[in-house]
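S.K.: Could you slot chain V onto chain S? The hints should help.
Take a look at the letters that make up each chain.
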Amino acid sequence: MNKERHFHISRRKELPWYRAWAIRGAAIVLALLVCALVTMLLTGEDPLRIYATMFAGAFGTARKAWVLGQNLAILLCISLAVTPAFRMRFWNIGAEGQVLISALACAACMILLADRVPNWLLIVIMSAASILAGAIWAVIPAFFKARFQTNETLFTLMMNYVATQLVAYFVIVWEVPKGSGTIGIINQSTQAGWLPQIGDSKYLLNILVVGVLTILMFLYLNYTKHGYEIAVVGESERTARYVGIKVDRVIIRTLLLSGALCGVAGLLLVGGTDHTVTTTIAGGRGFTAVMVSWLAKFNPLAMIFASFLLVFLGRGANEISTVFSLNHSFGDILTGVILFFIIGSEFFINYQLHFRSEADYGAPGSERPTEGGKGKAHV
Amino acid sequence: MFDFASFIPRAVVQGIPLLFGATGETLTEKSGNLNLGIPGIMYVGGISGVIGAFLYEQSCGGDVVPALALLIPLLSCLAGSLLMGLLYCFLTVTLRANQNVTGLAMTTFGVGFGNFFGGSLIKLTGSAVPSIALSATSSVFSRSLPFAADLGWFGQVFLSYGFLAYLAVAIALVAAFVLRRTRLGLHLRAVGENPATADAAGLNITRYKYAATCLGSMVAGLGGLYYVMDYASGVWSNNAFGDRGWLAIALVIFTVWRPNLAVLASILFGGLYILYLFIPSGMADKELYKMLPYVVTIVVLILSSVRKKKENQPPASLGLPYFREER
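Chains as they are written, first to last, in this note's numbering: chain S, 97 to 475; chain V, 599 to 925.
In isolation and in its complexed conformation, chain S is listed as follows (with noise of 0.2 Å):
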């Protein structure tokens, strides 16, 4: 550019954990402040009371507590799925159609298999049928990517909605009663593949698994051999490969774990939870948890806040929209709000502006950027 400017833009080093932190927190309450504004707006009720309302629908009740952990262990168990492939910058946003696919898997072992087995093999093999298919749905895309370098965003999203169709077909098949379109409680008499209950609530389970494979994702990521190499193929393949790692067996391996943990969820939804599949059972976390995983700059531990925040606002927003009568989706714009300013504040937090002053003008050689290399990319 030929014009001076009165700034530019520069990388930041590494920021102190505590100072990029404290800019998220900001951008998050300035978002807050921004959604308490538009709400006014729409209800005229006074800002404090909306934020009370926000807190009692997510934690008013026990039950209401409950479903947040459901939720938030659900979504935390997506992100910590996708993250691993886009620590090596491979957009797998197909994890809608992981769940989905796995959710199916699950669902047809309970039905087909529920009076032909014991019910503790009945459980092993649809654990086994949800990890295998969520897995192969993840494959197919990174086949490809590694083998032929098709682009891994597009087909992952497309492969999303065959399994959306798939899902649809087979609950149309096996609808009960007929002619409803749901296929309804599985074995609700039985409880034939159900998985075991612990303690009061048919959550409990679901959270402790998920808290599990929080700690040990965390673990692979940071002190495997198999973390490093994920990391390397990210920073830069050519270097992944002038080191000796094979770019594409560690693409397929990373992503047969990236579908098996989503199959992990679609197992827990439908085993666990849900008794039952429908086209929405996955409910758009496929996408959010890539959010998340963002958020958390693809860190397991700051997932579970990540995670907690939107739940936290979905549920919140979705209390606000019964008491003042508001439509449902409400909670989406709030949510789409602050993920906005989440997304812009992280430039604060990457780069910096130098401000000229006027002495600055004509300066020799002044704090112009040296130039060269190729564009390069992050996330």
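Hints are computed from structural coordinates only; laboratory data are not their basis.
If you're wondering where the values come from, they're calculated on a predicted model, not measured in any experiment.
It is possible that part of the hints are untrue.
[Unchecked claim] Pair by pair, the computed Cβ-Cβ distance ranges are:
#1 V:Ile-877 to S:Thr-157: 46 to 54 Å
#2 S:Gly-275 to V:Ser-835: 19 to 27 Å
#3 V:Phe-775 to S:Leu-129: 43 to 51 Å
#4 S:Val-308 to V:Val-904: 36 to 44 Å
We put the CB at the ideal spot given by N, CA and C, even for glycine.
M.R.: Frame of chain S; chain V shown alone:
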């Protein structure tokens, strides 16, 4: 005998929203921006048009002036989608945010925005009508040539659509021409293929990305408007637009980033979408038919990457942000 005279018009009206979406997304992707917010933008385009038309119809009590009934929804639709395009550009180009995350957030927001205002517009404006049915506006949008009905099958297949359908075809053809045959198109493609080289050649990357993405969003938004005003006869129902936005993105890949191919391909996709109505089949089978567009898109995606023909590839820097000082 398969009834083509009634099948083709229905395939076309299904295909037109996809054509708008695909042309818009192609323009956007040619600048290197993978805008996954297109489904949301199409919702926003649709509902913005609805809000404009609703307020206008309410204010004049049913006595609409055709020219205004046309212009007001059209302009509010363009304005709504333009704002979404600007938001996407501000986040991904100016603030260099991740395109996938931004796009998905925009889709969440846009679909929510559409459904929220679709569901609450009547309550918010305190009107006395039971549902949003913009029949006066819709009749302006879906008006076809007066002699179309007299021309038998020819009129039915080629002349029975509202003006937005022809506009969609015209925009697609112009976009194809500009992209392939003009200097402007060459520059835009250069920005999408290799922004560093284009920058070195003196092109303003930011300006090209903003212009292409905003224009693309407005074109895509028209798809939402066509759907509500023409296809759905002015009746807004929540989630009725469904996953057509994603189908539009599939169409971009299917046509290997060529809007002129999209004209025919959108009708093909529209046809696949409703094929089950014309083939005797069970309730369940229709869901499998609906899968076809996605499956053929996957096949095209695989084949084009296996054959590695240079002109059939996605723009080389698709989805990557550009920062001059980071090379």
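S.K.: Determine for every hint whether it applies to the structure shown.
M.R.: We went through each hint and held it up to the structure:
1. V:Ile-877 to S:Thr-157: 46 to 54 Å: With Cβ atoms ~51 Å apart, the hint holds.
2. S:Gly-275 to V:Ser-835: 19 to 27 Å: Check passed, 22 Å falls within 19 to 27 Å.
3. V:Phe-775 to S:Leu-129: 43 to 51 Å: About 47 Å separates the Cβ atoms of Phe-775 (chain V) and Leu-129 (chain S), which means 43 to 51 Å holds.
4. S:Val-308 to V:Val-904: 36 to 44 Å: holds, 41 Å
The structure agrees with every numbered hint stated previously.
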